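Respectively, the protein sequence lines represent chains A and B.
Its first residue numbered 1, the first sequence is counted upward by one per residue in our numbering.
Its first residue numbered 306, the second sequence is counted upward by one per residue in our numbering.
No lab work stands behind these hints: they were computed from the structure.
Note that this is a predicted model, so its numbers are computed, not measured.
Yeah, the Cβ is synthetic: ideal placement off N, Cα and C, and Gly gets one too.
It is possible that some hints are incorrect.
Per the computed footprint, the stretches of chain B lying under chain A, defined by three or more beta-carbons under 8 Å from a beta-carbon of chain A, are [what the hints assert, rightly or not]: (1) 447-456; (2) 564-575; (3) 627-637.
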Amino acid sequence: MISEIAFSAIRISTPLIFAALGGLLTFQAGILNIALDGFMIVAAFASIGVAFATESLLLGVLAGVASSMVLAALLALFNLRFRAHIFIAGIAVTFMAYGLTALLLKGVLNEEGVFSSDRIPTFAPIDIPVIRDIPVIGALISGHTLLVYIAYLCVPVVAWCLYRTRWGLRVRVVGEAEDAAAAAGVNVERLKFETMLLSGLFCGLAGAYLSLGYVSLFAKQMTNERGLIALAAIFFAKGNPYWTAAVALLFGTATALSIRLPQLTGLAPQLLQLIPYVVTVLSLIIVGIRNTRARHRHGVWRFEI
Amino acid sequence: MSTEAIAPPRPGPPLRALLRPVVGPLVAIVIATLVGAALVAALGQNPIEVYSTLIEGGIVGWPNLSVALQMTTPLIFTGLAVAVSFHAGLWNIGAEGQMLVGALAAGIVGYAVPLPPVLHVPACLIAAAFGGLLWASVPALLRVYLNVNELVICLMMNPIALLATGFVATHALKAPGPTNKLPDILDSAVLPNFSLFSQLNAGIFIALACCVAVAIVNAMTVRGFEWRIMGLSPRFAYYGGVNVRRNAVAVMLISGAIAGLGGAEQVLGVYKAFYDNFSPGYGFDGIAVAMLANSNPIGVLFAAFLFGALSAGSGVLQMMTGVSKYLVQVLQFIIVLVLAAQFSFAWLFGRKPAKPSARVSVARSVEERTGTEKVG
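Construct the complete structure from the given sequences, taking the supplied hints into account.
Next comes the structure, spelled out in structure tokens:
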């Protein structure tokens with residue numbers, strides 16, 4: 001029972017980890033990308049649409065990633081070139097994506113709320129030879145599908161890129177002190193654009209996983225605010241890839257529990273679903289108190305954080 | 306929207322001065338219409354037919370019009386709530402959550418507290434306003450006293466509100482029966498309905514009154530002036546002697562209270578009970594309304610009616626043609642995206658656009674654009 005929940009927690013956390021990695025890169029570059037949900041829903045739709053049309057999983061995932069990156073480029077264009085406020089543009093892009101996918105769901109696939117088909121191939125679970133035989137962990141780690149492993153393997157890769165490469169250093173400098181980075185000759189806009197595109201890439205994988213990874217199904221607004229939970233994980237972990245992934249896993253576990261526990265105990269699922277948001281608000285309060293105490297208090301209210 | 310967007314009107318011919326606030330929204334609407342037409346054409350439908358169905362379904366004939374007005378009412382409330390905060394340079398995007406909490410408060414007072422009809426509706430409205438105010442107080446106090454970005458808090462407070470009210474409606478105070486809702490409100494708490502064809506109710510007058518009240522406060526009182534200055538430049542307002550902190554809290558609380566009233570209108574007028582997850586995103590549509598209205602309370606009325614009529618028309622559209630009603634949502638947020646972008650329409654007025662690379666403004670606009678610095 002417990003191992004079953006843990007297994008599904010790893011699975012449920014997969015899109016969260018993808019999305020969190022995507023959001024984290026822009027976060028490190030000083031952009032709070034709240035359009036993760038929008039990127040994901042578009043990718044989920046494109047993935048299942050193309051996989052349905054071509055009966056190829058690879059093409060489906062590629063289409064999802066591509067569409068998500070196009071949307072990311074659109075957001076980056078409006079934010080960086082046309083100077084739209086990132087939050088407003090992000091909200092606009094997200095809801096546009098929700099609307100667009102629902103519109104195309106009806107217009108192209110001719111379904112009202114949910115689309116699924118037998119023609120869509122599914123990912124085969126992968127049994128890892130040696131690990132499979134380890135008593136407890138083996139049953140948890142082995143037997144997931146490809147995208148799950150990719151998600152968890154991306155965490156160290158992203159961490160390496162951020163902390164061990166010149167590009168990562170520049171990204172972090174841009175996030176810390178944009179003017180200093182610009183003065184040092186870093187092309188700030190370009191770097192931000194790159195992180196936004198990578199954000200699109202990861203959210204594309206998240207979306208592809210949502211629609212193709214476990215059950216082949218698309219429902220309107222199926223991201224179910226996973227982007228927001230991912231964002232909460234990023235905030236809670238202050239953008240560190242490993243911690244972010246760990247917190248995302250934690251939040252994913254809470255979600256897995258909220259699906260299973262009510263069946264057993266009669267507990268309200270909402271109370272567990274609340275956890276990521278409440279934890280984030282509380283952590284922001286703690287960080288706020290700490291910062292306020294630490295900061296030398298000028299009379300002027302800093303209006304522009 | 307940055308402070309640069311609201312440049313003080315320069316002396317010029319009065320016609321231009323009159324046209325200026327309308328040009329941006331009109332351009333955005335035209336762009337959205339064109340993109341929407343391309344989308345519709347790509348789906349193999351006739352754009353002209355689709356748009357005419359949309360307009361006809363939205364406003365032609367009293368049945369359609371009354372549905373449009375019914376859809377307009379919550380958008381006025383949420384749009385006004387968002388507009389009040391935008392006007393003062395604050396970003397209350399939590400209208401959705403504030404509305405849900407307000408609706409819950411109205412729903413509880415509506416069924417649990419028996420009062421004579423004259424008192425019951427006001428009691429529900431006050432409860433709703435207080436609920437919204439309470440929900441807005443979290444981002445407001447955090448913003449002002451702990452310097453936490455109110456956007457992030459608002460964003461998180463929305464799902465918290467949805468889940469918490471959902472918990473109340475599905476477990477704590479659930480009415481007997483299969484539906485996830487509170488018990489029906491008492492007859493004494495119902496806002497009178499005056500259309501056979503829709504749930505259009507007296508709440509729309511409350512919405513109108515709120516708009517007028519905010520317009521009067523903005524135009525005629527010291528407070529309104531202070532809020533406007535804060536929106537233009539909080540630093541300037543501070544040095545000018547405005548108590549920025551207290552005013553910011555007040556603006557956020559008022560904004561939340563208005564959103565809460567919107568929830569009351571839905572519960573008392575439309576649904577006659579609090580239903581779990583009743584809002585199809587009115588709080589977020591409110592952002593679109595406020596953007597289109599350029600945070601002007603009277604403009605909110607027109608913007609809300611535009612989106613309300615479109616959304617009423619979209620229902621008809623879905624029935625009559627094969628096009629999904631979500632076309633309207635796409636149009637709506639294309640408008641927001643275009644309005645959020647600071648395109649220069651200066652060429653329309655025969656002036657050269659400001660160079661975007663002007664170094665002076667870059668540092669400041671960078672702060673504004675990125676929305677936040679890393680917390681901690």
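A quick look at each hint next to the structure:
1. 447-456: holds (count 8)
2. 564-575: violated (count 0)
3. 627-637: With 9 residues closer than 8 Å to chain A, the region 627-637 of chain B meets the three-residue bar; holds.
In the structure shown, a violation is registered for the earlier hint numbered 2 alone.
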